[in-house]
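K.L.:
Here is what each chain is made of, one letter per residue.
4 protein chains.
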Amino acid sequence: MSGCPYFEKRHLLFKNKPPTAEEEEDASQAGVNKASKGGIIYGEYLQLDKIVSAQVLQSELKGNKIHDEHLFIVTHQAYELWFKQILWELDSVRHIFITGCVRDERNMLKVNNRIHRIVMIFKLLVDQFSVLETMTALDFFDFREYLAPASGFQSLQFRILENKIGVPDNLRVPYNRRHYRDNFKGHESEILLATEQEPTLLKLVEEWLERTPGLEVDGFNFWERFEINIFDGLNKEKEKIEAMEDSEDKEEMMLELIKQKELFTSLFDEKRHDHLLSKGERRLSYKALQGALMIYFYREEPRFQVPFQLLTSLMDIDTLMTKWRYNHVCMVHRMIGSKAGTGGSSGYHYLRSTVSDRYKVFVDLFNLATFLVPRHWVPKLNPNIHKFLYMAECCDSSYCSSEDSD
Amino acid sequence: MSGCPYFEKRHLLFKNKPPTAEEEEDASQAGVNKASKGGIIYGEYLQLDKIVSAQVLQSELKGNKIHDEHLFIVTHQAYELWFKQILWELDSVRHIFITGCVRDERNMLKVNNRIHRIVMIFKLLVDQFSVLETMTALDFFDFREYLAPASGFQSLQFRILENKIGVPDNLRVPYNRRHYRDNFKGHESEILLATEQEPTLLKLVEEWLERTPGLEVDGFNFWERFEINIFDGLNKEKEKIEAMEDSEDKEEMMLELIKQKELFTSLFDEKRHDHLLSKGERRLSYKALQGALMIYFYREEPRFQVPFQLLTSLMDIDTLMTKWRYNHVCMVHRMIGSKAGTGGSSGYHYLRSTVSDRYKVFVDLFNLATFLVPRHWVPKLNPNIHKFLYMAECCDSSYCSSEDSD
Amino acid sequence: MSGCPYFEKRHLLFKNKPPTAEEEEDASQAGVNKASKGGIIYGEYLQLDKIVSAQVLQSELKGNKIHDEHLFIVTHQAYELWFKQILWELDSVRHIFITGCVRDERNMLKVNNRIHRIVMIFKLLVDQFSVLETMTALDFFDFREYLAPASGFQSLQFRILENKIGVPDNLRVPYNRRHYRDNFKGHESEILLATEQEPTLLKLVEEWLERTPGLEVDGFNFWERFEINIFDGLNKEKEKIEAMEDSEDKEEMMLELIKQKELFTSLFDEKRHDHLLSKGERRLSYKALQGALMIYFYREEPRFQVPFQLLTSLMDIDTLMTKWRYNHVCMVHRMIGSKAGTGGSSGYHYLRSTVSDRYKVFVDLFNLATFLVPRHWVPKLNPNIHKFLYMAECCDSSYCSSEDSD
Amino acid sequence: MSGCPYFEKRHLLFKNKPPTAEEEEDASQAGVNKASKGGIIYGEYLQLDKIVSAQVLQSELKGNKIHDEHLFIVTHQAYELWFKQILWELDSVRHIFITGCVRDERNMLKVNNRIHRIVMIFKLLVDQFSVLETMTALDFFDFREYLAPASGFQSLQFRILENKIGVPDNLRVPYNRRHYRDNFKGHESEILLATEQEPTLLKLVEEWLERTPGLEVDGFNFWERFEINIFDGLNKEKEKIEAMEDSEDKEEMMLELIKQKELFTSLFDEKRHDHLLSKGERRLSYKALQGALMIYFYREEPRFQVPFQLLTSLMDIDTLMTKWRYNHVCMVHRMIGSKAGTGGSSGYHYLRSTVSDRYKVFVDLFNLATFLVPRHWVPKLNPNIHKFLYMAECCDSSYCSSEDSD
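Chains as they are written, first to last, in the numbering used here: chain A, 1 to 406; chain B, 1 to 406; chain C, 1 to 406; chain D, 1 to 406.
Okay, chain A solo, but in the shape it has when bound (with noise of 0.2 Å):
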């Protein structure tokens, strides 16, 4: 940006890593390099040269240059940059995680770091089609035809990004009459094959949150206590209202308390989470919602604070990852309208149906405000016997501390 001093002379001095032995012994030289006046400059460093050349007007070539087509391409040059920081963030998160680094519970800021910055351009993106929105169907009209076959269904970079994020291939909306692959090129089909194999975000917070402290049935053994504490209270409130003079509202109450009875019923039947789960309806493990809930229930303990912050982002991906669904849905009614000229499904009617909670990946995490209790029916802790809460892992490896573990 404009004025920013990237650089102040002082650097000249400082280097971020500690010299080896070889560079102490060059540092004379060094030194001479560092400051010589060559180096960088602004232009060169962000590549402006391809950045700035590399709009190029189809209705131009086609000899009826229309001025708003400039505008669609950028716009949509600065999505696909930011989708690329997206999956650079993704990766590097994911890369935590699968290495096992994320034992080492300092490396729990960067994470949520990384999530929440995912939050922050997913939030700009969102906002980014008040731009686009400036071109009205009529001056779009005028460059569609040039466009053909291009579609913004082609957008590699953000089918990797759904894949790696947790989008299951069966759960997909069929496009054209066809599986999502068959519309791209044989290399980017093996490309997203490829992304579709790889351990997803939502895959590897799973197995993090199955080895929640807390949940081991020989230590605190929360789920257990949990699902006593939920029956006890509630065969509490049957006597209550069983003690009531008959009313219409002790019928009501009495019925309410039945459904609650089922609703709790089936949480804790793990058979019936496993049947949801291979209908898509919910997509965490047993152990992992045990997990997740846990959180829930003790985030203000010390080591469940950025934890429950990781899981709030989550929740906020998804949410705005459907909100930019959904804008861009809007957008596309108002450029082409609903109605296609004819039989085949219109864009507008594939974007609306992707407008779903099929593609909410951690579904889970909104569903079980469903499963929350009042704060005395959760197992009490006791801070003098259950230290866990409090004393947080490390591994002090030189390998998962280092800047390479991005």
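Any given hint could be a false lead.
Where chains are identical, the list cannot tell them apart; a pair therefore holds if satisfied intra-copy or between any two copies.
[Stated by the list, open to error] Only pairs whose alpha carbons sit at most 27 Å apart, straight line, appear in this in silico DSS-like list of lysine-lysine: (1) K62 <-> K240; (2) K271 <-> K259; (3) K65 <-> K380; (4) K185 <-> K250; (5) K62 <-> K238; (6) K84 <-> K62; (7) K50 <-> K62; (8) K259 <-> K279; (9) K185 <-> K50; (10) K50 <-> K84; (11) K123 <-> K110; (12) K387 <-> K110; (13) K236 <-> K65; (14) K287 <-> K271; (15) K123 <-> K84; (16) K110 <-> K380; (17) K65 <-> K50; (18) K84 <-> K65; (19) K62 <-> K236.
Rather than coming from a laboratory, the hints here were simulated on the basis of the structure. Just so you know, these numbers come straight off a predicted model, no measurement behind them.
The hints should help you fit chains B, C and D onto chain A, whose structure is shown.
P.N.:
Using the frame of chain A, we list chains B, C and D on its own:
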């Protein structure tokens, strides 16, 4: 964007330009080509190979890859992409003014929309800081040294933008005690000099304002009538005050009246105007100022509705550029502190000094608020006589109505 | 806001209304009163005693004060404040239409600005969710029980707003299996019924569109010319395709052509239009649709520039209301999960169902994008003959130009 | 908001507080009451009768109703509503600090979330200007006179907010040449004086920073180690430079080194710190500054992750308040111009002068960026020895964990 079917088959049928005779002949063949399965696809169209391969981390080249440098690069590239779009819009608007096509009032919608689009882009750019702000001073410190001597000051596009809007050379704050152009390499410095010599948006708007219908001395003669009304009004106020019983209030009001008289006397003093102009405290010619004030007061008249919107949007640009500068200052404060290591003027203080009314190109439009008067002091229009406000001009030249006019 | 000197002494001098004879008489005295040290101060002016004392926490009343309930109350009060402002603008615009003052085209700026202000308020309201989203599901759970049976569904102002814009009674999704009005108390229900019977913004815009200059059969006769041009154009396309050599492409193009012909045949079929109207799939009369399309195609003509902006802003309102609904759904998903405890339709699903094109009042304006054609198919205007696009109408009645017209 | 079912029947069953013996007794009866069809409804809950009846137009009272005054009132009321919410959060955070509950690190999440909520509210308030900016200077002029002598300067809540965060009395810019408090009436002036005497957020954060674990001289002794490392590092740099061949670069680097040495010498000079403190150029005690720097460098250690976030959010508040002030300045410039009619300091210039680092309460946190050093100069921690960064403190008093602690 994902899933937006830019193209639908019907467009095979439509051609946005009426066919030439030759084209008619080639019809069948053209048809074949157009529908050929080839055509451009998304990634090629947007030249994504260039866009998403342009992120080379200096820290990585120097053997110390720092994760956050990627964000730094992408953010700046996104800024430059949008600067290019702003220049695209700005040049098209300036072209409409330079060619005289603005006299065909059908072009006012185009002018207005494109200026408004610049406003919307600047809004986005102000918001975009929220993403870079996810990087802390400590993260930045880790790779800052590798950027030397690159500096955001070197953004050529931003300086061109300032020049084309109309930031005057002589009001610029020096950077590193040097003229702003001397911070650029020879080739770039020449480009900057050239843009200084082109007609600025300010200049073009000034000329257009000078032609505001209603200013003609042998016609409606707004300016003279306005002057008469004001001093009549002030005199009547004076009489009222004099008729009051003596009191502190009376004295205060009389003092205030005298000041008002001075203020308006100054408004009608062309020499004083030219003096302020020479000091950079005013920027528009005396005549243009009259036109602007006329548009303000008669903004509801049909021919002035869109011109009034235009003046508002020009203030929006000024305001948003200054907010952009201020947000930039805030970010730099956080990144490198307010004190440079040493004697030299710090980046923070340089930037701080550019958040100034000196950089507001259309400052006169803001300051007109000082000269508002009650509605009944404004010279009355009679639609039966003053037809000029109801009849727009057009010039039916294909030159101006064609898309080439951008 | 802090430090803004609304008032400066000079205003003691000015009165915005020309004085009546009586007032002239009273001049000295009035002067005294106005300048009296009394006058209103900030807190009284804004009635802050009411505003900042209206936060009573139910949880506190029930002896279990929950911190976050305060945020919940303030956020909803802020929404209601802005709803009131929207109604204020909406009523003033409707008044201009109802009184016929819209025929004086000087009032178009006012109409346009006020509709645009509604747009800006809705943008703020969409963003405002980000504040309430700092409350987690668990924080909400802590005081949710105390709110029964209050429900956001009961926002009277929001329902009035929907009615006055033109959400039709019969397209509303039932809530709790009941007509929406039956969820309100008697008095409120009557207010709602009354607002249903007032002319809606949709209806008023429809009437205005029906009067679009250029539609007259004995004048420019846009509609007939347009129909002729389209079918001429399509026939020429047909001939071109028939001249092609046989191929898969040729077949495809011919199929496409047939569909296009059907599409446009339907556009000119008034009976079909009325059928769609009766089903709620179209909302504007046949004549109004013609006016809208005319404004679309001739948007650059002086008299149509501001009307075109108005149509765009009406779509903005629809889009933003629907985004507001969608953001609301997202928040509710996070707060209470997607599954209600029991059989009854959950709040989440009710809200989800209102994010629908049924609730888009100006849906026809979006769908006109389906009927765009190449510029050279649009009937040509000749400014020498078709003066009507250059001469605005006014009606110099003091009634319409005075502020009372709001 | 519309359609959000705050309440679902299941809540009839749950009570968030464990029942007392007495309550148990009353169970049946309580049941009846709770489920009674009565209960509070939306409009009553939000006291909408007060909220939406508090818009009284002065212009209307004076017989000259001006449409836009309603927007002016509603916008300011919305600001005041949100100021109240900010004060609510601020007081709760200050309470946690004042009572010492902050020592129980479980409360850090609460502190952090509430400070973050203030950040989100300020973001909204910055955006909120976009609505008021739909009013032009001319619209404002029409009713400005009726507001005298009300002024936004008189916003009591905003001044209280500044005081409670820690804007010091003696650094305030005088308004109308008077002490800020003298612009308020007696009663309000007393409230302001009282808030000046309460512990500010700045003071409370300072005390908390002074207790940062690791600062103890007989423990990790960060400060002494840090000083040693820095001067060791600088000396090594010096040797390297001296070993270089004579050149311009060498000279430059040596000069730079000397400046760096001065800079860091000043950092470790307590007297100089106290001198800057007395002038208002620094705001935190010497010890607190050490704590802040320690949190900066060891931000990834488990116990410092949330404290680091907190420091970042405190800078966010400063930044956003200053952006709010700047946006306010921009709006005032547009509304009333930069020049008051006459000699007196104009509102514009007063506001301009408050956009200053003097009003940044946590300015020291920004300026710490000046004292960053390469990672290998930071004293090394050994997790096997320095356990304190992994073991959070709690104090299991019901006092601090209960909701009463807000």
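K.L.:
Now tell me if each hint is right for this structure.
P.N.:
Going down the list of hints, with the structure as the test:
no.	hint	result
1	K62 <-> K240	between (79 Å within a copy, 20 Å between copies)
2	K271 <-> K259	within (19 Å within a copy, 52 Å between copies)
3	K65 <-> K380	between (70 Å within a copy, 22 Å between copies)
4	K185 <-> K250	between (64 Å within a copy, 25 Å between copies)
5	K62 <-> K238	between (77 Å within a copy, 23 Å between copies)
6	K84 <-> K62	between (31 Å within a copy, 22 Å between copies)
7	K50 <-> K62	both (23 Å within a copy, 22 Å between copies)
8	K259 <-> K279	within (23 Å within a copy, 39 Å between copies)
9	K185 <-> K50	both (25 Å within a copy, 19 Å between copies)
10	K50 <-> K84	both (16 Å within a copy, 13 Å between copies)
11	K123 <-> K110	both (20 Å within a copy, 24 Å between copies)
12	K387 <-> K110	both (25 Å within a copy, 21 Å between copies)
13	K236 <-> K65	between (76 Å within a copy, 24 Å between copies)
14	K287 <-> K271	within (12 Å within a copy, 58 Å between copies)
15	K123 <-> K84	both (15 Å within a copy, 23 Å between copies)
16	K110 <-> K380	between (31 Å within a copy, 19 Å between copies)
17	K65 <-> K50	both (22 Å within a copy, 23 Å between copies)
18	K84 <-> K65	between (30 Å within a copy, 17 Å between copies)
19	K62 <-> K236	between (78 Å within a copy, 21 Å between copies)
Every hint from the earlier list agrees with this structure, and none is contradicted.
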